[in-house]
Structures are given as structure tokens and as C-alpha cells.
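*Asks:* The lines below spell out each chain.
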Amino acid sequence: MSLSWSRFASPAAFYPIAGRLIPVFWVLAAGLILLGLYWGFFETPDRLGGSNPQKEYYRIIFIHVPSAWMSMWLYVVMVGWAAVGLVLNTRLSFMMANAVAPTGAIFTFLALWTGSFWGRPSWGTYWDWDPRLTSELILFFLYIGYIALHSAIDDTRRADRAAGLLAIVGLVMVPVIFWSINCPDPNQCAALHQRSGLGRVDGNILFAMLIMTLGFWAYSFATTFMRLRGIILTREAETAWAQEQVRAELAAQGVRT
Amino acid sequence: MLRVFWSLLHRDLLLAMRRRTDVLTTLFFFVIVVSLFPLGVGTETQTLRILGPGVVWVAALLASMLALERLFAADYEDGTLEQMLLTDQPLPLLVLAKVTAHWLLTGLPLVLIAPLVGMQYRLSDTEIGVMMLALLLGTPVLSLIGAIGAALTLGLRGGGILLSLLILPLYIPVLVYGAGAVEVSAVDLADTRPYLMLLGAFLLSALALAPPASSVALRISIQ
Amino acid sequence: MSGFLSQGGYAGFVWGAYGMVAALLAIEVIGLRRQRRTILKRLGRLMRLRSSGGQE
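Chains as they are written, first to last, in the working numbering: chain A, 10 to 266; chain B, 29 to 251; chain C, 11 to 66.
Derived by calculation from the structure, the hints in this document are not laboratory data.
We treat Cβ as the ideally placed atom computed from N, Cα and C, and that holds for glycine.
Please note: incorrect hints may appear among the correct ones.
[To be verified] Label pairs and their in silico Cβ distance ranges: (1) C/Ser12 x B/Val215: 31 to 37 Å; (2) A/Gly40 x C/Gly22: 28 to 34 Å; (3) C/Thr48 x A/Thr134: 49 to 55 Å; (4) B/Ser233 x C/Thr48: 41 to 47 Å; (5) C/Arg55 x A/Arg166: 39 to 45 Å; (6) C/Thr48 x A/Leu43: 29 to 35 Å; (7) A/Asn61 x B/Arg221: 31 to 37 Å; (8) C/Met30 x B/Ile60: 54 to 60 Å; (9) A/Thr248 x B/Gly183: 51 to 57 Å; (10) A/Arg166 x B/Ser233: 46 to 52 Å; (11) B/Gln117 x A/Val33: 51 to 57 Å; (12) A/Gly40 x C/Lys51: 48 to 54 Å.
[Unchecked claim] Taking lysine to any residue and the SDA-like style, the derived pairs with C-alpha atoms no more than 20 Å apart in a straight line are: (13) C/Lys51 x A/Glu245; (14) C/Lys51 x A/Ala227; (15) C/Lys51 x A/Trp48.
[Claimed, not checked] To give a feel for the contact side, a few chain C residues facing chain A, derived at Cβ under 10 Å: (16) Gly19; (17) Val24; (18) Val31; (19) Leu34; (20) Ile37; (21) Glu38; (22) Gln45; (23) Leu50; (24) Gly63.
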């Protein structure tokens, strides 16, 4: 088992695999997102009643919740690869962590933006320090910190490992930070989902949300692999296989080398 | 092993005493920041009493962070830090000694000057007492967590600002419960117990986890 | 159709949110493609320099 895995652990081996998978993920992403958007706009009620009535603006949920979920999931993935890199000392793992980070940061920003645009019509304000949005903001800072630390260090190896350790420390702290924002008064912990959403969620809404999440997930795979291939080429530029690869791709574009 | 701890602690304190201004600048920074807020927000007693706990804690976070750059910097520059990595003394212990010295010089003074600040914000004696206790428990946590950041950003240009960006989010739990403790003490002293226990739990966890993490960070930064 | 576009009067919020998502995701993808072109160009140029100029 270990033998077959380690074959893919080299950047050179994974590069073509990623290349073949990218279009697959694009098709998946496009299909799922289109389906999710259609379902969300046309198979769900225009307004919701019940204990927490919502008007048409609630449709923002179909991009807000998936963005938030992706932002959290991608952070965990980033930390996972960083941990693998720190423990096993494999180059590709760190490249993966670096490839994931910007996409994760973008989804975090989108979660904040869409949450804010949902908040304005429903709560009356763009930002009201809702615990979950505030935690999302902190997550954004954690992503930025990772990217900033990595770019501040010239030595690639030190940069990878330092940013990786930072991400791990961040992940350990995230529950504590979230808990302290959610429950600032331990004497009487307020309900965990104060300004929550929709109470009992309509089946169609849930379906659309899940489809959109899967779509974003496929999208993340596509962008991460695209970024990863760029990172691999840049870092492995001195090797023969990389130069061969560059030659081939430029030749396909009609550029002489 | 304890001897190593004490001797390193002693050495760091001695070195710092020779450059006393470093210690005092942190303290004065704290006092200045705390004094600035009323000028910006207004000096009405009600406002001050509401702001007080939060402002004091934010100022403590900022002061702690500014001082952190110096935690490893001097030893890094003259090569002593590399020597520490090469000895067979457990690195977490050495880190703990340095962090303790650092806290004694930059964190403890904040605890001691809290009454002065409390008076500026018209806090009651009970609130001031709770504030001192909360700072006593919280500032070491700030130094311990901050050490990880300081180790990661060793020798980097733009170090101070970068360090703040990395560390401030991690300070939030201490801020929330530290300020919260003071706020509820105005209402009911018994309510502060869970806050102080949480701060104590943070301190114990930080004491156990931060020095090893800082050691890993140091090894990463100094190949 | 007009009902879809106006979203019960909340068009600004709904399309403001969806618009930003579409914009950022598009920018990310376009950015990645440009990045790739730049990398290939740069590495290609480096290789040409090396093969024609020889070792310094």
C-alpha cells in the first residue's frame, strides 16, 4: 500500500494526474452549481413563514452557507496537508497546503459578504457581531496570517514549515476562539444559534444548499489543482522533467524554446 | 534541570535590567494607550465605566505584543539562540525560562499598575481587584502564546506588524473572558468565578502547550 | 421574469450577494490562468537563455 501511494507523493508524478482531473472537476462544478441555483430559485417558496419569517432575500442562503462550510473545510484540509508535510517531510504536501489557502480565503470573504448582505434586510444592519459571522471574520484573519507569513519568508522550506505550524496552532485555537465569542458569559451561555436561520428547513432548500456545497467543493478541487500545478512548476523548475513539461506546453502554444 | 531554568531566568532579568528603558517603554505605552481612549470617547463617568475593562485589556494585548519582538531578538542576533538549540537541555524549558523573564518584565508591571488605570476609569475597588487578578492570570497566557508567534517571525522584515497579525486573533479568548470578568464583578462578585477559572485553565494549558510549540517554531526558524 | 429579477424588491441584496460570488470566483479562475501563462513564459525564457547563453 505504501509503495503505490508514495508513487503519487512526488510532484512530478502528481502533476499530470492533477492536470487530467481539472476538467473533470470543472464539469462537475458547473453542473452542480447550475442545478443548485435552478433548484434554489425555482423549486423553493418565495417567502418563509414560521417562527423566523424570511422574505425573498433568504435565497442568499444558497451561496452563504456553502461558502461558510467551504471556508471551514478548506482550512482543515490546509492544516491536514501542513501536518502531513511537517511529520513526513514530503514536498508535495506543503505545495497542497499553499494551493488551498487562497481559495479558502476567498470563500471566507464571500461568506462574510453574503452574510452581511443577508443581514441587512433581515436584521436591519450589515454587521451586528453575530457570533458565527464574527468567527468567520477571525477565520479570515487566520487565512491571511498564513498567507502573509508564508510570503514574508524567503526560504521556501522555512516558509512552508512556519506557516504550517501557524495553521495548526490556529486550528487548535479555533474552537476556543469560537466558544469564547459564542459564549462570552459562562454564567449563562446563550443559545448557540441566536440569530439563526430557518428553524425547520424545507426539503427543497436543504437540497439546493447541499448541491451548491458540492458544486463549490468541486470548484475548490479545480482551482486548487490549477494553483498546485503552477506551484509545482515554479518550485521544480530546475528539474529535467519540469523543463520537458514546460517545453512541451510552450510548443503546443507554438512558442519556440 | 531546575537550575538551568533559574540561571536562564536570572540571566535574562539581569540583561534586561541593564537596559531598563525597554521595560519602562512597554509600561508607558500601556498607560498612554489607556489614557488616549477617554480623550477620544469622552470622559463621562458612565462611559468610562463601561469602556474600562475592554480598553485596559486591549491595551494589555497591544503592549504585550509590542514587547514580544524582543523576546528572542537579542539572543537571535548574537547567536546565543543557536547555542540554546544545540545544548541537550530541553528546549521547552529554556523557552519557558525566557518567557517567564519576559512576563516578569512586561506583564507583571501591567498587573501592578492596574489600580492607577482603574482609577482613571472610575472602577470600583472590587472591579480593580478582579482586574488585577484577571491580568495576573491572563498576561502570562499572552506572553506564552505570543512566544510562538515571536519564534515563527524571527528575523523577518516587517516582523512587528506581521507578528500582530498572526497573534491577535489567538488572543481573543483571553480578551473576552478577562474583560468579562471585570464587567460582571460590578454586578455580582460571585459571577466572576467561572471567568477566573477559565482564565486559569487557559494559563495551565498555555504553560503545557506553548513552550513545546515555540520550540518547534524555533527549530523551524533556525535551521 | 421581472419577479425573478426583482426578488420581491430585494434585488439589490440578492444580486449584490450573488454578483460578488460570481465576480470573485471568475476573477480567481482568470487569475489562475494568467498565472499559468506567466509561469510558462518565464520558465521558457529562462530555458532559452540557458541553452543559448551557456553557463556564466
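*Asks:* Take the hints in turn and mark each one as holding or not.
*Replies:* Do the hints match the structure? See the list:
The hinted window of 31 to 37 Å between serine 12 of chain C and valine 215 of chain B is violated, with their beta carbons roughly 55 Å apart. About 29 Å separates the C-beta atoms of glycine 40 of chain A and glycine 22 of chain C, a value consistent with the hinted range of 28 to 34 Å. At roughly 42 Å, the beta-carbon separation of threonine 48 of chain C and threonine 134 of chain A lies outside the given 49 to 55 Å, and the hint is violated. Under the hint 41 to 47 Å, the C-beta atoms of serine 233 of chain B and threonine 48 of chain C, about 46 Å apart, fit the expected range.
Distance hint check: the CB atoms of arginine 55 of chain C and arginine 166 of chain A are about 26 Å apart, inconsistent with the given range 39 to 45 Å. Between threonine 48 of chain C and leucine 43 of chain A the beta carbons are some 31 Å apart, a value that agrees with the proposed interval 29 to 35 Å. Evaluation of the 31 to 37 Å hint for asparagine 61 of chain A and arginine 221 of chain B yields a pass: the beta carbon distance comes to about 35 Å. At roughly 40 Å, the beta carbons of methionine 30 of chain C and isoleucine 60 of chain B sit outside the given window of 54 to 60 Å.
Here the CB-CB span from threonine 248 of chain A to glycine 183 of chain B is close to 30 Å, at odds with the stated 51 to 57 Å. In this structure, arginine 166 of chain A and serine 233 of chain B break the distance hint of 46 to 52 Å, their C-beta atoms being roughly 30 Å apart. Against the hinted window of 51 to 57 Å, the Cβ-Cβ separation of glutamine 117 of chain B and valine 33 of chain A comes to about 54 Å, which satisfies the hint. The supplied range of 48 to 54 Å is broken by glycine 40 of chain A and lysine 51 of chain C, whose beta-carbon atoms lie about 33 Å from each other.
With a CA separation close to 15 Å, the supplied pair lysine 51 of chain C and glutamate 245 of chain A stays within the 20 Å bound. Restraint check for lysine 51 of chain C and alanine 227 of chain A: not satisfied, since their Cα atoms lie roughly 28 Å apart, outside the 20 Å limit. For a cut-off of 20 Å, the pair hint linking lysine 51 of chain C to tryptophan 48 of chain A is broken: about 43 Å separates their Cα positions. Proximity of glycine 19 of chain C to chain A holds as hinted, the smallest CB-CB distance being about 8 Å (cut-off 10 Å).
Against a cut-off of 10 Å between C-beta atoms, the interface hint on valine 24 of chain C holds, since the closest Cβ of chain A lies about 6 Å away. Because the smallest distance between the Cβ of valine 31 of chain C and any Cβ of chain A comes to about 5 Å, under 10 Å, the interface hint for this residue holds. Evaluation of the leucine 34 of chain C hint against chain A yields a held restraint, the C-beta minimum of about 6 Å falling below 10 Å. Here the hint on isoleucine 37 of chain C is kept, as its CB sits about 9 Å from the closest CB of chain A, short of 10 Å.
Contact between glutamate 38 of chain C and chain A, as hinted, is supported at the beta carbon level, the nearest pair being about 6 Å apart and thus within 10 Å. Contact between glutamine 45 of chain C and chain A, as hinted, is supported at the beta carbon level, the nearest pair being about 5 Å apart and thus within 10 Å. Annotation: interface hint on leucine 50 of chain C holds; nearest CB of chain A at approximately 6 Å, less than 10 Å. For glycine 63 of chain C, the interface hint is violated, the least distance from its beta-carbon to any beta-carbon of chain A being 14 Å, above 10 Å.
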